[in-house]
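Protein chains in written order, with the working numbering: chain A, 1 to 120; chain B, 1 to 425.
Note that these hints are calculated values from the structure, not bench results. Only a predicted model underlies this, so the values are computations on that prediction, with no experimental measurement involved. Take the hints with a grain of salt, since some may be wrong.
[Claimed, not checked] On the chain B side, residues computed to face chain A include the following (Cβ under 8 Å):
#, residue
1, Ala-94
2, Leu-247
3, Lys-250
4, Phe-334
5, Met-345
6, Asn-349
7, Asn-362
8, Thr-364
9, Gly-378
10, Arg-405
11, Gln-407
12, Glu-410
13, Ile-413
14, Ser-417
15, Thr-421
16, Asp-422
Where a beta carbon is used, it is the ideal one built from N, C-alpha and C, also for glycine.
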Amino acid sequence: MLADGYRRLARAGSLAATLLTAPGFAQAAVSAEVKGDRELGEYLSAQCTTCHQISGRSIGGVPSIVAWPEDQFIAVITSYKEGQRDNETMRTISHSLSLEEIAALAAYFGSLKLTGQAQK
Amino acid sequence: MSGMTRRSLLGAGAAVVASAVTAPAVIGQARPRVVVVGGGPGGATVAKYVARDSAGAINVSLVEPSAKFVTCFHSNLYLGGYKTFEQITHSYEALTKNYGVNHVRQTAAFIDRDEKRVRTTDNTILSYDKLVVAPGIDLKYDSVPGWGQEHEQVMPHAWKAGPQTQLLKKRLDEVKNGGVIVMIAPPNPYRCPPGPYERVSMMAHVLKASGRTNCRIVIIDPKETYSKQGLFQDGWETFYKGMVEWLGPKVHDGLKSVDPKTGTVVTGFETYKDCALVNVIPAQMAGKIARDAGLADASGFCPIDPATMKSAKDPNLFIVGDACIPGDMPKSAFSANSQAKVAAMIIRNELTGSRTFPPRYNNTCWSLIETDNAVKVGGRYEPKDGKISAAETFVSKTGETAELRKQTQEENIGWYSGITTDIFG
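Please construct the entire structure, taking both the sequences and the accompanying hints into account.
Take a look at the structure:
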């Protein structure tokens with residue numbers, strides 16, 4: 001099941017088409033086997049929540065990243081890190097994250113429940 | 001170092017807040033006390049994050065006189081008619097109701113660093129184990145010849161959001177077609193580096209949209225270069241051709257004086273008489289409370305330890321936001337919010353033993369040039385070489401597609417909702 005935010009991201013770019021064949025996806029899939037450090041993820045999430053709302057509410061061009069399946073979360077962040085997606089803000093932040101940290105973020109955001117409503 | 005003794009502090013008829021003057025904090029015996037001075041993006045974020053993440057283990061007081069906060073960020077969108085004033089105004093209610101932050105509706109008057117106490121203007125005394133100083137900026141009213149605080153109603157600055165913002169919009173709306181607007185831009189360092197130039201863009205947008213295309217906006221800038229310069233100049237040429245003129249110091253040869261009575265601006269290059277509007281954005285410094293506490297250096301801003309956001313002059317104090325010297329980070333709400341989260345993590349660790357992680361700093365500043373046409377600049381930062389150093393930066397490019405510019409503006413709108421929820425929600 002794809003979370004809403006993931007669907008929106010996929011629509012915004014060609015991610016859905018390229019992800020499964022991208023080198024980063026294989027790496028990400030492997031890293032998903034690593035259990036993410038949720039506490040580390042909670043700390044790192046503060047970098048994300050300046051834009052992405054913890055309730056999962058989506059406003060304007062900032063999608064929800066809450067309650068995604070962990071492997072998909074890892075794949076999306078890795079796609080920024082490896083240059084398959086080119087949003088500069090996301091690319092810059094992803095460059096500061098190790099695979100362990102991406103897994104930690106995936107564990108944290110994946111554990112949250114959507115409580116907010118998407119808005120235009 | 002503070003010059004006020006405990007006796008003189010308490011002798012001033014102090015009204016004591018009971019919850020804030022309990023015995024010194026000892027983990028397991030009493031709730032440690034954190035006092036935050038200033039309820040802007042930096043201060044309010046620290047207050048929320050410490051209170052929320054400590055789940056009641058830390059007593060957090062936010063000293064902020066206002067019931068609501070008007071954001072400087074996106075105040076240009078209010079000026080441009082894209083947002084209402086209510087949409088850039090935020091209550092502290094969630095901080096008090098949801099996280100238990102004690103909102104002290106007073107102005108901090110004095111920091112007694114020896115006794116670790118803050119006195120407010122009504123002589124309330126707040127003792128602290130950790131203090132966060134986040135007063136934002138003060139304006140240097142003596143930095144523009146002929147202009148001072150007594151003239152800010154005639155020549156508004158609107159660099160502290162609130163009534164000044166509303167005044168600037170009112171004055172802009174009154175400018176007649178053919179009128180000349182002069183902006184006096186500030187010297188570095190100042191709050192929101194792209195802000196003056198986004199503001200000019202929004203002024204031009206309003207004038208153009210209302211058919212006042214014979215108006216001219218002249219920017220008298222003390223700087224040789226400015227943030228997103230190529231992007232703004234390209235945007236002005238594209239959308240507001242002939243309406244905006246930027247003059248650097250080599251051209252204008254210095255701002256000689258302004259005369260608020262006659263609406264005159266004199267430079268070494270030209271005299272602008274009968275200006276329809278003069279927007280003076282003066283030089284800036286850290287808020288008075290920080291300077292009075294001896295936390296600033298000769299620059300007027302406060303040096304910090306880049307790994308912790310602690311004051312370089314007092315390890316019991318943290319300084320976040322526009323008042324600090326943030327190294328390569330710009331003075332922005334995004335930066336303040338980012339710095340605040342590092343400070344909150346360190347504070348919780350030192351007071352409750354919570355886990356620590358390496359500090360992370362990020363910033364992005366979006367600027368709207370015309371409807372659906374926004375640009376951004378940003379980066380990530382890390383403690384290095386004794387300062388917060390840029391590890392990687394980016395900036396939008398000229399020639400980007402209309403679709404990308406529109407996406408950037410949508411991101412800008414989403415960011416505003418996100419950060420204000422992160423701070424105040």
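Each hint, compared with the structure:
no. : hint    : verdict
1   : Ala-94  : violated, 12 Å
2   : Leu-247 : violated, 31 Å
3   : Lys-250 : violated, 32 Å
4   : Phe-334 : holds, 6 Å
5   : Met-345 : holds, 7 Å
6   : Asn-349 : violated, 11 Å
7   : Asn-362 : holds, 6 Å
8   : Thr-364 : holds, 5 Å
9   : Gly-378 : holds, 6 Å
10  : Arg-405 : violated, 12 Å
11  : Gln-407 : holds, 6 Å
12  : Glu-410 : holds, 3 Å
13  : Ile-413 : holds, 3 Å
14  : Ser-417 : holds, 4 Å
15  : Thr-421 : holds, 5 Å
16  : Asp-422 : holds, 5 Å
Going through the hint list in order, the structure does not satisfy hints 1, 2, 3, 6, 10.
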